[in-house]
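K.L.:
Given chain S, put chain G in place with the hints provided.
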Amino acid sequence: MTTTDILKKLSNSYGIGNNYDSVTNSITDILGKDNMGIDINKNLVYNIKTELQDGKTYKKIMLDAHIDEIGFIVTSITEEGYIKLANVGGVDKRLLLSKEVLILGKKKVLGVVSCVAPHLLDKISNKNEYMDINDMFIDVGLTKKDAEQLISIGDFCVFNESCQCMVNNLVTGKSLDNRIGCTTLIEVYNEIKNINLKNLDIYFCFTVKEELSGAVGALTITNNIEPDIAIVVDVSFAKAPNVEDYKCGKMGNGVMIGFSPILDNEIFDTLKSLANKNNIKNQLEIMSNRTGTNADGIVAVKNGIKTSLLSIPIKNMHSTIEMVLIDDIISTKNLIVEYLKEVSKC
Amino acid sequence: MLINLIKELSNLNGTSGDEKKIAEYILLKIQQFTKDVKIDNLGNVIAFKKGEKTPEKDTIMLSAHMDEVGFIVTYIEDNGLIRFFPVGGINSAVVIGSRVLVGQNKILGVIGNKPQHLLSSSEKSKVADFDNLFIDIGANNKDEVLKYINIGDFCYFNSTAKNMNDDNFLVGKAFDDRIGCAILLDILKEELSYDTYFCFNTREEVGLIGAKTVSHYVKPTVSIVVECTTAGDNLSFSGADKVCSLNDGVIISYMDRGCIYDYDLFCKAKNLATTQNIKYQVKTGIYGGNDSRAIQSSHNGCKVMALSVPARNLHTQSIVVAKSDIKATRDLTLKLLNNIV
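So the protein lines, in turn, are chains S and G.
The letter at position 56 of the first sequence is residue 56 when you use my numbering, and the numbering goes up by one with no holes.
Plus 1000 on top of the position in the second sequence (first one is 1) and you've got my numbering.
No lab work stands behind these hints, which were simulated from the structure alone.
Check each hint, because a few of them may be wrong.
Result set (PhoX-like, lysine-lysine): computed pairs, CA atoms no more than 25 Å apart in a straight line [unchecked claim]:
(1) G:LYS1323 / S:LYS145
(2) S:LYS247 / G:LYS1124
(3) S:LYS250 / G:LYS1323
(4) G:LYS1323 / S:LYS239
(5) S:LYS250 / G:LYS1114
(6) S:LYS341 / S:LYS198
(7) S:LYS9 / S:LYS106
(8) S:LYS60 / S:LYS239
Just so we're clear, the structure is a prediction, and the values are computed from it rather than from any experiment.
Pulled out of the complex, with its shape left as it was, chain S reads as follows (with noise of 0.2 Å):
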């Protein structure tokens, strides 16, 4: 399978609120169910223990990536049977109109979001600003009666958008926030096997929860591990239209290695210069605050925990147009390589 491929199958996949099958099945299809444990908060996690060399200690890495995706979740159901939603997550509202979704209730059930025709414009008092989500019908073509056999308060909804390839090898799908950063951890997962690394206990944790909550499924799974080095992987902005340059990557410049005055210095430090002796491309990510991140949750678990954040530049965050180019994915893996085959020396 390619990266093009994992990150398509992972894209169309869902996982949001309490349902994680869908896209946890996706990533067990892909790497089997060997060396694998699902916690009690549906985090997915991946060990692997490398050959331990007389005299060392194991050296516990672990790389986090979250499978949660921004999505709704239905709080009504009106008396002609359109269903209402609230955000899970920090949907754009302004790219919701006419847009299709799946309901994720007793079977997907398909929605359109309602929209005022142009020629009906003038009915709207404030035509010319976004919709508010609580404001949106959607429309699943069934009566009350018909909704209630399917649909209940409460259940969780997602985007319908298939994932798709642009030319000069992008993508553009839902979810790309972090079926990204998955798509990540499964290609180091699979390069490793190949390499001889000592003295590693790698956890590769597909984490749940990010999104809503900050941080939710992270901080049990490193509460668990206790690593000793956390490095997460997620995505972050790149240049678009109206982006001011210094606010934002550079999707094409490689992975962005992130710094802020939560991460750690060293980490932060031996990214960079393995990046650039490997020749692997890569930007600088230079954050005044928190990183918005689980690396926030992840830093301050028990006594404390040395994290590092590495970032793929994506446009149209949060939407399901996002777009990425699948070098700045591989530019990523190998930097992630490099590093575990650095600390494997030590």
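P.N.:
Below, chain G alone, put in the same frame as chain S:
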């Protein structure tokens, strides 16, 4: 089968001025029903089918338009972003976050916007207009873009027609007015009472242009336009503000923003619907317009009627219609056609 015709037609791409693929499909399907087919200078398809009788004083026309709303590439920025404008009336709010196919090679592009985390408070509330939206195909500069597409290329929503959950509803793009075209094709296979012109018009969405030249040629004295029209029953509108509703039957028109329809035809249509048990409704507001306006005032004048399928989310990538309404529209169109003079 009518629904399959609708799905196939709506999945084809053809906006105003770019209707060729639609015309080709229609020409292929018409062959078995009549050989009397003409294509005029604007690409309008005008077919003639003999009925049982030739009307003494009248020329009868049934029409639908082939074009859907779409977009056109207007300019390519140095940084590789593509400026575009709608062909026909599209609300910019529904276009943000869409995927489109650009040009002959159907290059996939996305229409994004500045990330919400980075918006100023005024930007956060006001809907971006087309001057502030771009198609991104992933090219890094203008030269790269030009390898794939050019200014003047047409762009289309990237949608595929599909059934919704209980099988009565369909969602897809371009039902306005591929449903009309499909109904015409479906009626063509019937034995007709009168000689009838079946016209598949171009450029309705940009000013009823095709209808004008078609009417000049056909010189109809009585005409039925088969259309899709906007239903507001899927939002917070109530009562009369809904204008019309899905599953409430074929819409028989008395007036819209362009046309006051022929009163006799209006009454005749309602009576036929009642006696034939065909569910029908009338719009509870004056909205929309169609080829009827152009047809009514062509040559020495023509009596016009429009029979329409109610549709939610008109002029977007996800129009929703009910099969029950499609059947009612098809049945009443045929009935009215056979009793029109």
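K.L.:
A separate judgement is required for each hint: does it hold in the structure or not?
P.N.:
Evaluated hints:
| no. | hint | result |
| --- | --- | --- |
| 1 | G:LYS1323 / S:LYS145 | holds (20 Å) |
| 2 | S:LYS247 / G:LYS1124 | holds (18 Å) |
| 3 | S:LYS250 / G:LYS1323 | violated (48 Å) |
| 4 | G:LYS1323 / S:LYS239 | violated (45 Å) |
| 5 | S:LYS250 / G:LYS1114 | holds (15 Å) |
| 6 | S:LYS341 / S:LYS198 | holds (8 Å) |
| 7 | S:LYS9 / S:LYS106 | holds (23 Å) |
| 8 | S:LYS60 / S:LYS239 | violated (35 Å) |
The structure fails to meet hints 3, 4, 8 from the earlier list, while all remaining hints are met.
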